[in-house]
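Novice: First to last, the protein sequences are chains Y, W, B and P.
Taken in order, the first sequence gives residues 1 to 562; the numbers are from my numbering.
Taken in order, the second sequence gives residues 1 to 249; the numbers are from my numbering.
Taken in order, the third sequence gives residues 1 to 112; the numbers are from my numbering.
Taken in order, the fourth sequence gives residues 1 to 326; the numbers are from my numbering.
FYI, nobody ran anything at the bench for these hints, they're computed from the structure.
Here the structure is a predicted model, which means the values were calculated and not measured.
All C-beta atoms in this analysis are idealised placements derived from N, C-alpha and C, irrespective of residue type, glycine included.
Just so you know, nobody snuck in bad clues.
Derived lysine-lysine pairs resembling DSS-like cross-links, with alpha carbons at most 30 angstroms apart: (1) 33/B with 159/W; (2) 12/W with 92/W; (3) 12/B with 91/W; (4) 138/W with 33/B; (5) 113/W with 33/B; (6) 305/P with 276/P; (7) 149/W with 33/B; (8) 67/B with 91/W.
Which stretches of chain W does chain Y cover? Using the computed rule of at least three CB atoms under 8 angstroms from a CB of chain Y, they are: (9) 17-29; (10) 42-51; (11) 179-187.
Letter by letter, the chains look like this.
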Amino acid sequence: MSGTNNPGGEHQLPREHYLNATYGIRSWLLTTDHKRIALLYLASVTFFFFVGGIFATLIRIHLLTPAGYLVTPETYNKLFTMHGVAMIFFFLIPSIPAVLGNFLIPIMVGAKDLAFPKINLLSWYIYVVGGCFVLYSFATGGLDTGWTFYTPLSSIYSNAAVTPAVIGIFINGFSSILTGLNFLVTVHTMRAPGMTWFRLPLFVWAHYATSLIMILGTPVIAITLLLAGLERMFHFGFFNPAYGGDPILFQHLFWFYSHPAVYIMILPAMGVISEIIPTFVRKPIFGYSFIAASSIGIAVIGFIVWAHHMFLTGEATYAAIAFSFLSYLVAIPSAVKVFNWTSTLYKGSISWDTPMLYALGFIGLFTIGGLTGLFLACLGLDIHLHDTYFVIAHFHYIMVGGAVMGYVGGLHFWWPKITGRLYPEFLARTAAIILFVGFNLTFFPQFILGGLGMPRRYHNYPPEFQVLNVMSTAGASILALGYLLPMIYLTWSMRYGKIAGPNPWPATGLEWKTASPPLTENFHETPVVDWEPYDFVHRPDLGLTGSKPKLPGKLSPAHGDD
Amino acid sequence: MHRTGELYGQYKTLDQQKETATLGMWIFLVTEILFFGGVFLTYSINRHQYPTAFGVGGNMLDLFLGGANTVVLIASSFTMAMSVWSAQTSKKAWVTLFLIATLILGTVFLGVKVVEYKQKFDHHLIPGHGFDITYCSKSPAAVCGLSEKEHADEVKEVKDAIETEGGVTALNAHAQLYFSLYFGMTGLHALHMIVGAGLLLWLILESRKGRFDANYNTPVENIGLYWHFVDIVWIFLFPLLYLINRHLA
Amino acid sequence: MSENGHHIVSPKIYAAILAALLLGTWLTVQAAKIDLGRWNIVLALLIATIKMSLVILFFMHGKYSPKRTQIVIVSGFFWLAIMLGLTLTDYTTRHPEPSRSANPPAIAIHRA
Amino acid sequence: MQSQLPLYPESASNFAPDVDGLMLFIIAVCIFFAVAITIAVIYFFFRYKRKEPGDIGAPIHGDMRLEITWIVVPFFLLMAMFGWGAVIYVDYRHTPADTLDVYVIGKQWMWKLEQPNGRREINELHVPVNRNVRLVMASEDVIHDFSVPAFRVKMDVVPGHYNTMWFRPTKAGRYHFFCSQYCGTSHAIMGGWVTVMEPDEYAAWLAGTSGTSDPVALGAKLYNELACGTCHLPDGKGRGPSYNGVYGSKVKLADGSTVVADEAYIRESILQPNAKIVAGFQPVMPSFQGLVSEDQILALTAYIKAQKDQPVPGKSDAAAPATGKK
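Chain Y on its own, in the form it takes in the complex (with noise of 0.2 angstroms):
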C-alpha cells in the first residue's frame, strides 16, 4: 500500500462511533442517522444489483446460438425489462447518491445531519415499499414491457403484470424526489462556517446538480407511470391509439425524465472520480471552478435534449435538428471534465491504488461511452444505429463503465471512513483489472454488432451474428467473478481489515478530519473551515513531509478559477 498511510503506527477504531451508539433492530430500522440511513441503502441496493445482475447472465447465457439457448421468447423478453427495471429505478438511480450521498454530504459540508433526517428515512422506506411492488410484479407474473413501458404495449397490449411494477415505480420516485430536496436544502443551508460555495468539494457540486434532475424529472416520471397505468387499470385514454390519443406523447414524456436520468447515475459517479484523482494525485484538481460549472452545466443542458431518443418517431424534422444540435451542446461540459481529470495527473504524485485504478478505469470507459454518444446524437447515423446493439452498448459504457466503476471506485475510497478498516489491497486491485478487461470483453463487441444492425430486444438472431455474441458472453462471465470479488472481500474486511486510521490516503475533504468511522453527530464541534479544497501545501496536518515538485513557469496556480 504505497505509503497511504498516516506516520504514527497503529491505529484504533474511536471507542464510540455511529456503529455502536446503538444496538439493536429497532436502532437501525427507526434510526434518523444519515449514515445508518446510507448502510440500509447499501445493503437494499446492492440486493437490486444482485437480482439485476442475475438477470443480466441468464440473458447473456441465452444469447449464446442464434436460435437462444435456455429461455422461451416470452421469458427473455421478462429478463431483460427485470433486469432494466432493477438496475436503472432501484441500483443505478440510488446508489451513488443515496449510499455514498447520504453517508458524506452532510460530513463533507461540516453538518451534524441533513436537513429533514426524518424524511431521510421516510424516503429508504418508500424505496422498499416500491421495491416490494416491483420484485411483487416480477415474482407474479413477470413484466414484458421493455423498461421504457412504451405505450400501447405497455398499458394495452401486454399480459404481464405491469400494474404492481409501474405503481412500485411510481412510489419509488418519491424517494429519489425526497432524497434529493433533502440534499438541495442541506448544500443551501447547513454549511459549516467557512464552507463557501466554491469550497464545496465537487462530490458535493456533482450531488448538487444530480439534485436539481431529482427533483425537477422524477415528478414527471411519476405522473407518465401513473397515466399509463390508469390507462391500463381503467381503459382511460391519454396515449391510446384506439381513442387517437398518441403513444409518441408518452414517449416524450418518459424521455423528460428518463434522459436525464442517465445524469442522474453518472453525475454523482464523476462527483466520486473528482475525489479520488486529486488524492492519489495529490495536487489540487485541475480546473475546480470548470468542473463544478460542468455539473450544473450537465443537469441543465440534460434537460433539453431528451428527444434524441425520437428521431425515427416521426418526430418533426425541425424539432429532430432541434434537439441533435443541443445533444451535442451536452457533450462539451462530458469533455470538459475528462480534460481536467487528465490534466491533473500532470506533475502529479500518482499512487496505484485501488480507488485510483477505478479513476482510471473510470476516464478510459466514460470516454468511449461519452464518443460513441456523439454517433447516436447524429441525426444522419442514428438513423442507422437507433434501437440496435450499439446504443446497448453504448448506455452501458456510460452506465456500468461510468456510474458502476464510480460507485464501486468511490466504495473503496471511503470503505475505511464507513467502516473504520481496510480493504485488502491485492485482492482489490486484481478485481479492479478484472472488471475493466471483463466489462470491455462483454460490450466492446456489441459496438460491432449494432453497427452490423442487430436489433436490441431480440431472443434470437441471425446465425453471423454468433461470433461477436459469444464474445460478450465470455466477458460477462468474467466481469460476473469481478463483481463477486469486492462483495466478498468488502464483507470480509468490516471484521478482519486492518484499522485504518481518520485518514488513511490522506485526503483533504472535511469527512477525513473525523474519525473514521464517524461518531454519530459526525463532528466533535462544528468545524471551521479555512483551507481550500484539495489543497495540499498548506496542510501540515494531513503529515506530508516528502519534496514538493517546483512550480512550473508556464502554468502559474493563480487564474482566479480555484
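With the hints as your guide, set chains W, B and P onto chain Y.
Specialist: Chains W, B and P only, in chain Y's frame:
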C-alpha cells in the same frame, strides 16, 4: 412532529430551522408543478388535435357547479392566508377558527366534486365500454335534467361535432380522451385536496393546543403554501376543462 | 434577503386579493361566452396566470420571500416551460406527408 | 456472403455511402480523442508515479487558455458532426417526388406489404434496383420499426400515424429486414427479407408469372411466400397448429366442439381465422382476405391435402386431431 419552538439537533438556530423548512416546502412545490405539468402537457397536445370533441366534452360539464367550486376554493385560500396571519400576530383562537373554515370550504369543494362525478356517471360519460357522448342528446331532455332549449342546443352541437369528426365513433373516441383527462386531472387535484384536508385536520388539533404563535408557525405556513398551490392548480383546471367552447352553447 | 421571510401581510391586502380573484373568475366565465376564435384560450390562460401570480405573490408571500425562494419558484416554472415548449416544437412543426397515392391501402384500415 | 466475423453490413442503398462516410469521420475523431486521452493517462500514470510516501504533486490549479481551447475546439468538431448528420437526415425525411409506393402494415408479429398494383406479401419485400421506393407504414397494434441495415434506414411504425421512409436500392440481392422497436413476445422473429431485383425481373414478378401449374407445387410456393411456416410448424409446436395429417381429420376447437377439416373449413380458416379456434391455440392469425385469390386458396388446400399421409411427430394418434388451420 414539531413541538413548539423546539430546536432540532441538526440545526444551529431556530431561524435556520425555519428557513430550511420553508425552502424544503417550496422545492417540494416545484416538483408538484412538474407533476401536474405532465398532465397539462397531455391535455394540451390532445386538445390541440381534437378541438371539436374537447369542446363538446367541456360543454357537458356543469358550469354552475364548476364556477361555484372555484369561488369556494378561492375563499378557502383566503381563510388559509388569514390563519397564517393570525398565527403570525399570535391570535391563537383565530388560527383555529380560520383553519376550521378552510377545512369546511375544502370539504364543500370535494362534496360538489362527488355530485359532479355522479352526474357524469349517470350521463354515460365515464371512459370505458358504457361511454356514450350522445346519451343526453339522444334521451329526452328530462333524463339529463336539461331544459328544452339546452337540450336542443346540445342535440345540434353533437350533430355538428359528429359531422366535423367524421362519424359518431370518432367523436366518442376523442370525447373519451377528453373525459379521461377530465377524470385524471380533477381526480389528481381532488387527491391533493384530500391530503390537504388531512393536514388541515392535524393543524386544527395542534392549534387547539395553542401551539402556533408569532414565534412558531412554520407548519401553518407550509401547509398553507401547499393549500394555495392546490388552489392554483384549480385556477387553471377550471378554464381548461369547463370553458373550452362555452360560446357555442 | 428581507427580514428572514417573516413579513406579515395585512388582512386588507388579503381581502383585496380575494376580491381580485373572484373578479377574475367572473371575468373568465364571461370572456368564455364570447366567441373570440383562437383568442378565447389565450385570454382564459392570461386571466388564470394573473390569478396565479396574485396567489403566489401575496397569499404565498412570494413577493416578500428571500431571493433564493424566488429563484426556486421561477425555476419551477422555467422547467415547466421547457417541457411544454420543447414538446410543442415537435407537435407544431409536424406536417404529415400527404399521401400521393389516390388509393390508401385497404389492408391498413381494419383495426379492431 | 458473410465472413465468420463480419464488421460492417453490406452497402446496398443510396444512403449507405452517405452514412458510412459520416460514420468514418466520427470514428476518426473519436479514435483521435480516445487514443490521445489514453496515451496521456498512461504516460502520466508511469511518469509521475509516486516516489516517496510523503510526496505531493505540483499545486497547479488550472489554466484558462487550456480550458477555452478544449471548449472551443470540440465545439466546432461537434457542430461539423451535427451539420453533416442533419443534412443526411433532412434528405432522408424528404421523400423525392417520383417514388414507387409500397404500403407496410406492422402487426404483432408479422409484416404485411402491398405493392402499387395491389400484390401483397408477408414478411417479404420485392423492389426494383435503382428506383426510389417509398414505404408508407402503419401499425395495427403496438409500435414497430422497419429496419434494413444494408440500406442504413429504419423508421418506427406507430399506431394511429402513417410514417414514411424512402430509399433507393443500389445493388440487387437479398437483405435482412428487422423489427427494431420492441413489440412484444415474438419481436425477434418479426423480420424478413428485402429482395432487390433487376427492373425487368421485378416487372415479371409483379405480374405474377409463375412457371408452374401443379396446384400442390403452387401451394407449396404460396406456403413459403406467405410465410405460413413461421407459425404453423410441422411438429405442432408453433403458434398455429400443424397441417400434417389434418385434412379429413376431426379437429377439436377451443369452445369444445369438433369440426371435420374439409375444404370449406380450410378456406374459412384462411379468410376468417378467428371464426374457429383450434383448442390450445390463441386467435393470433391475421385474415388473408384479399391477400389470396380463390385459385390460390385452392392451391393451398391442395398443398395441405398433400401433407395427409405424413405422421405428426411426437404425437400419438389420439392427440393428433388437435391440429388444423390454414
